[in-house]
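Undergrad: Chain residues, written in single-letter form:
Protein chains: 2
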Amino acid sequence: MKSKLSKLSKTLKNLKHNSINYAIPDLWFIEDLNIKHTKLKNHEILVNPYDYYISLIDNYILPNKKDDIDYSKSISLAYKERCDNGEWIKKSIIYSSHVRTSASYDNDRSMSLDISNLDDLCETGSFVKMLSLLPLLKKLGVNALYLLPISMYSKINKKGELGSPYSVSSFTKLDPSLKDSLTKKRMTVDEEFMAFIEACHIMGIRVLIDIIPRTNSIGSELILSHPEWFYWIKTKNKDKYRPPKIEKLGELSYPTLENMKIVYETKEVIDFIKLFEMNPKEKDEELWKTISGNTIDEKIEDINKKFGLSVAPAFSDCINDPQDPWSDVTFFRLYLDDPKETRSFLKIKHNPYILFDSIKTNIYSGDVKNQELWDLLSSIIPYYQKRFGIDGARIDMGHALPKELLKDIITKARKIDKSFTFIAEEMNMGNDKDVKKAMYNAMIGNGFYTLPRIKEGEFKRFILNSNSVALPLLSCLETHDTRRVAFREGGEKLSLFLTILSYFIPNTIPFINSGQEIYEKEPMNLGVDANLSDLEALPKDDIFYHKLALFDKYQFHYDNPKSHEIIDHLKDPLKVREKWLNIITDPKSYLRLRFEDEKDNLVGISYLNPKKNRALLIIANGDYNNKIKTKILLGELREKINNYNNIGNIRYATYELPRIHYDFKDSNMILELKPLEVKIIEI
Amino acid sequence: MKSKLSKLSKTLKNLKHNSINYAIPDLWFIEDLNIKHTKLKNHEILVNPYDYYISLIDNYILPNKKDDIDYSKSISLAYKERCDNGEWIKKSIIYSSHVRTSASYDNDRSMSLDISNLDDLCETGSFVKMLSLLPLLKKLGVNALYLLPISMYSKINKKGELGSPYSVSSFTKLDPSLKDSLTKKRMTVDEEFMAFIEACHIMGIRVLIDIIPRTNSIGSELILSHPEWFYWIKTKNKDKYRPPKIEKLGELSYPTLENMKIVYETKEVIDFIKLFEMNPKEKDEELWKTISGNTIDEKIEDINKKFGLSVAPAFSDCINDPQDPWSDVTFFRLYLDDPKETRSFLKIKHNPYILFDSIKTNIYSGDVKNQELWDLLSSIIPYYQKRFGIDGARIDMGHALPKELLKDIITKARKIDKSFTFIAEEMNMGNDKDVKKAMYNAMIGNGFYTLPRIKEGEFKRFILNSNSVALPLLSCLETHDTRRVAFREGGEKLSLFLTILSYFIPNTIPFINSGQEIYEKEPMNLGVDANLSDLEALPKDDIFYHKLALFDKYQFHYDNPKSHEIIDHLKDPLKVREKWLNIITDPKSYLRLRFEDEKDNLVGISYLNPKKNRALLIIANGDYNNKIKTKILLGELREKINNYNNIGNIRYATYELPRIHYDFKDSNMILELKPLEVKIIEI
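Chains A and B are the protein sequences, given in the same order. 139 is the number of the first residue of the first sequence in our numbering; add one for each residue after it. 139 is the number of the first residue of the second sequence in our numbering; add one for each residue after it.
If you are wondering where the hints come from, they were derived from the structure by calculation, not from laboratory data. Treat the hints loosely; a few may be bogus.
Said to hold, decoys possible - Calculated lysine-lysine pairs in the DSSO-like style (CA-CA distance at most 30 angstroms, straight line):
{"#": "1", "chain 1": "A", "residue 1": "K179", "chain 2": "B", "residue 2": "K174"}
{"#": "2", "chain 1": "A", "residue 1": "K631", "chain 2": "A", "residue 2": "K700"}
{"#": "3", "chain 1": "B", "residue 1": "K177", "chain 2": "A", "residue 2": "K678"}
{"#": "4", "chain 1": "A", "residue 1": "K709", "chain 2": "A", "residue 2": "K765"}
{"#": "5", "chain 1": "B", "residue 1": "K177", "chain 2": "A", "residue 2": "K659"}
{"#": "6", "chain 1": "A", "residue 1": "K700", "chain 2": "A", "residue 2": "K678"}
{"#": "7", "chain 1": "A", "residue 1": "K631", "chain 2": "B", "residue 2": "K179"}
Stated by the list, open to error - Here chain A is said to cover these stretches of chain B; the calculated rule only asks that three of the stretch's residues, wherever they fall, bring their Cβ under 8 angstroms from a Cβ of chain A:
{"#": "8", "region": "246 to 252"}
{"#": "9", "region": "256 to 268"}
{"#": "10", "region": "626 to 636"}
For glycine and all other residues, C-beta sits at the position ideal for the given N, C-alpha and C.
Make a model of the complete structure from these sequences and hints.
TA: What follows is the structure in structure tokens.
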């Protein structure tokens, strides 16, 4: 297969012209590129974009290429690695990126992110621009890049300025906005994604995508080919349409069978179910054949015009969830009949409908599987594996899929690549065993919620319990749905502290949410553990004030004077992690460190290597304001490691990073930690 | 005559295209322009340059145009004003500008001033760009714009990156670098200068130029047409060539007749005079005819090659001045024979030579005037009057010209425009009567030296004496040759204090040196009252560190966070000045204000209008650190003005500008002034 990365470099060389006023953040730039550039103020560098990307490919990426390796395949297949069922993710460091946002930059410095800027270039993120992030990812130690959805999303009822990437309108088309404007029409967006994956693989970074099999855009191309796979309502009833309120149940009730009985007894529910209509194709096959239009959107508009019908918006599977319906997406009809367990509750004649039970197909299944749809849904990942060579995936709302379908999806992918990895969108720690049983390799967990809550004791609890979870968790401090850690009380100092610590928590996989590494404060979405106050994270005169990256044009704040801080401070801890990686990721090597005075904001982690008589100690002071002087009880450690006379190489991982020799002869260790300091000690 | 300003607007409309990344300082921008623009950081605004200049002409300048006025003529002639022999300058506020520098800006924000930037535009100043300054000049109250030399200057032996505008190589050609790149080849530099003058005149701003009749560039076109007007040496002797040291005389001795006798007795002087050669044309007329080349520079190079001769560089007229020869300029041979008074001192046969006497032709004249040259020199101003409609001129080194020639120059100009004004480059206050006799309207004086020297008493002395000087002085705090006032001890606060005060000093004309209004600290030249330490005015990482605007590419520091301060603070004092202008500029209305405790840093000025029973008081505390509480002795004022019960309208002209009523019944006034505060009181 011909290298698309080489094609990209060649294309840029052909199109190259001088005199483009193109600025990039200094954090993306590396001096080794050896191109003409100018340091600007506010952490910016002025480059010629052609010179820049060409040199990035030719001088930074391609020199790492090994002969006879086909980088268009997943790393496991490319290097013909021994099958590990995707367990490599355990030893990875994950970076979560929304391409459109992570690689966006106001290149012409016009104070707005333009779709066509003063040089006729598009300033939102693209796969080509994502190459810019590779040096940064390497500095963070990242070797697994998780991409938020990259497939085509619909603009119908779109959220924000650009629409949500979760409003998928085609599983196999990549979103055209992710194609770069620099390459003009010489390359397709598919080729540019191939080039990017190739680059990642050359740099030793595996690529995971996000697939969304449970919901689909209300502007999806599948509505046209398979109207019967969707739920329908009259367009004129859209205003009435909202999840029925169940007076007898409390807020956010779980749809247990008991609760569903009450649901079906509620009058509002019957009125709600009556809103649903037969799908237009079955309603009038002849009229259906006349549906026309140049685009998907136009055709869907035509259905609306001719039938007066629209696809029904999706909503939360929680009873009495205060959220509005999700106006831009709908649910797939995974079963063609009603849920087995609840169907007897409903006495009236009705059309296929969405309700708290039919959403949760993992619990409420029908008898008639929508086999054609299931086949399609389980073929998405194989498509990306074969065409692009991806290495893994996160399954969105996987917990709401029929177990059988989930198994299909996972099995089919592992058939192509035995080491393909899966991450579960599961935040409930109690579900760890089920998730493991479903053959996932890792689950998100609730680190984003617990780790920043130090005073509340959640922080310590998470760290002490993580090693007993059935499969690895992400040690994520934030996700694209949550509050940013730098916006929490404790701010940038808390973020630095937790980010460093997150590289060492037992049975977890370090996970950086794009922007976290430069103390970005504005969340990307207000979905989870965030609220309207997060919209005030930026000053009012900031051009991205009140903007959410998941829906709007957004650029991270590289002009933060401390934008280099986390990366600089991670340098040494990362070396320690790499040196100790096999020990850290072996659950048996973990030993809790105990203190004479246990405190909620004080944790101690140790990893033992009895064979070599060595140990790694991580002690963290989560107090925002006060230093701690504490005695670590080394008894248990002493029993296993006989080397405590040789304690040394203390690394302060927060504000300074001196290496000092710790002259210590006693059996217990007395340490002083500054506020929000992590001490890393090698014995 | 067809309006060149309208042609400029039309040309820009024809050439207009979108998508140019063009930044200007926010201080140039005015919201009234009603064009699309973006506020950037660091006091910058992003505009489309075509829209910007078109709107500046059409919406800001042209609406002020009156019918039937020919703005291409001087304001005096255009408005057919009553002849005042150029005395209008007394009531003016002068802004001194170096076009190449004052209007330069890094429009593409590439961190360098480019001759051809990323948009193929020239970023150094031009006449078209000077239009940008008009709103700013109006805010400063400026109605007389003095331009440093604008004629073509030579690049031979050029100083700095660009060369000095004082190294004039043609009197009638404008320097091509002052043509703007936006208009391409649709307009000539002459047309653009005409458009600019027209714009100034419409806005009520008169234009003065700087003419340099004593020296000329060593790359001048006149060398080719009139080699006999210059002094010549062998090119190979250039290294030996330097003003002879006169051991018997001290440093910086004046060339009195007594001293010149000693000079001619010195052996070094004889050796020095022997260096001079006959001019090449007289040496070999046939060979002279063969001189060829495409440019002036090439032809001069050809003389050097064929004759081995070069024009002799100029040097200071002071004996034992430590300055090196001025490598880029030479002196004109104003007389074709030796100085009458000293010729008997020289016994050897010799060629025409430069010495301390032949430089100072105002004292040492010959018998044989170089009439053709004199005619040329006295025709320069008339050329600019007729072609461009200038309103006045400063004569460079006018004091070193034969009195007769100077008279010719002034008379010829006044023949065309009786109200044409002349400013003398005379800093010696003792020469005021001679300068007045020579028919100048104003002289520079030594304000730049005395006014910032407050503790030394010079400040107070200048202000107390200014009213007795024979003609108006400039109240200049700096010139293009001196240290910047904001770089002196006291810095920006001192600059704000003195700038406001300079609008009210008796018998002086306020004079702002371009950049002074935004606290520029780097001098433009180190010629007078400045030294090498001035080169450290900017931080080392500033791209203009060590650059001098007179020789290098230079841009003023509009990103100074206080760049608006002086202009904001001048608003109210300017209104007072305008209201009292006729009184302030009438020497008879001045009365010194006395204090109970006189201090060097405390001055009081008053202007009385006995007819209206009113007075204007200006009290200034020149102490950098301490407030002053003082009693003003109002006795004399009381005798003339009977209105002291009605004292009010105090304006604090420094940091706040409240208008408070001063409730005062006593015959003496007790006032408290903050450090570096100016109080303006209307009675």
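Undergrad: Against each hint, give a clear statement of whether it holds in the structure.
TA: Now for the hints, and whether the structure bears them out:
For the hint pairing K179(A) with K174(B), the CA-to-CA distance comes to about 24 angstroms; that is within 30 angstroms, so the pair holds. With a C-alpha separation of about 11 angstroms, the suggested pair K631(A) and K700(A) falls inside the 30 angstroms cut-off, and the hint holds. Restraint check for K177(B) and K678(A): the C-alpha separation of about 15 angstroms stays at or below 30 angstroms, so the hint holds. Taken as a hint, the K709(A) and K765(A) pair is honoured in the structure, with Cα atoms around 24 angstroms apart against an allowance of 30 angstroms.
Taking the CA atoms of K177(B) and K659(A), the gap is about 23 angstroms. The hint holds against a cut of 30 angstroms. Between the alpha carbons of K700(A) and K678(A) the distance comes to roughly 20 angstroms, so the proposed pair stays at or under 30 angstroms and holds. Straight-line distance between C-alpha atoms of K631(A) and K179(B) comes to about 27 angstroms, which keeps the hinted pair within the 30 angstroms bound. Only residues whose beta carbon comes within less than 8 angstroms of a beta carbon in chain A count, and the region 246 to 252 of chain B has 5; three or more means the coverage holds.
Check on the region 256 to 268 of chain B: 3 of its residues sit with their Cβ under 8 angstroms from a Cβ of chain A, so the three-residue criterion for coverage holds. Remark: the region 626 to 636 of chain B is not confirmed as covered by chain A, as 0 of its residues place a Cβ nearer than 8 angstroms to a Cβ of that chain, below the required three.
Violated hint for the displayed structure: number 10, the only one.
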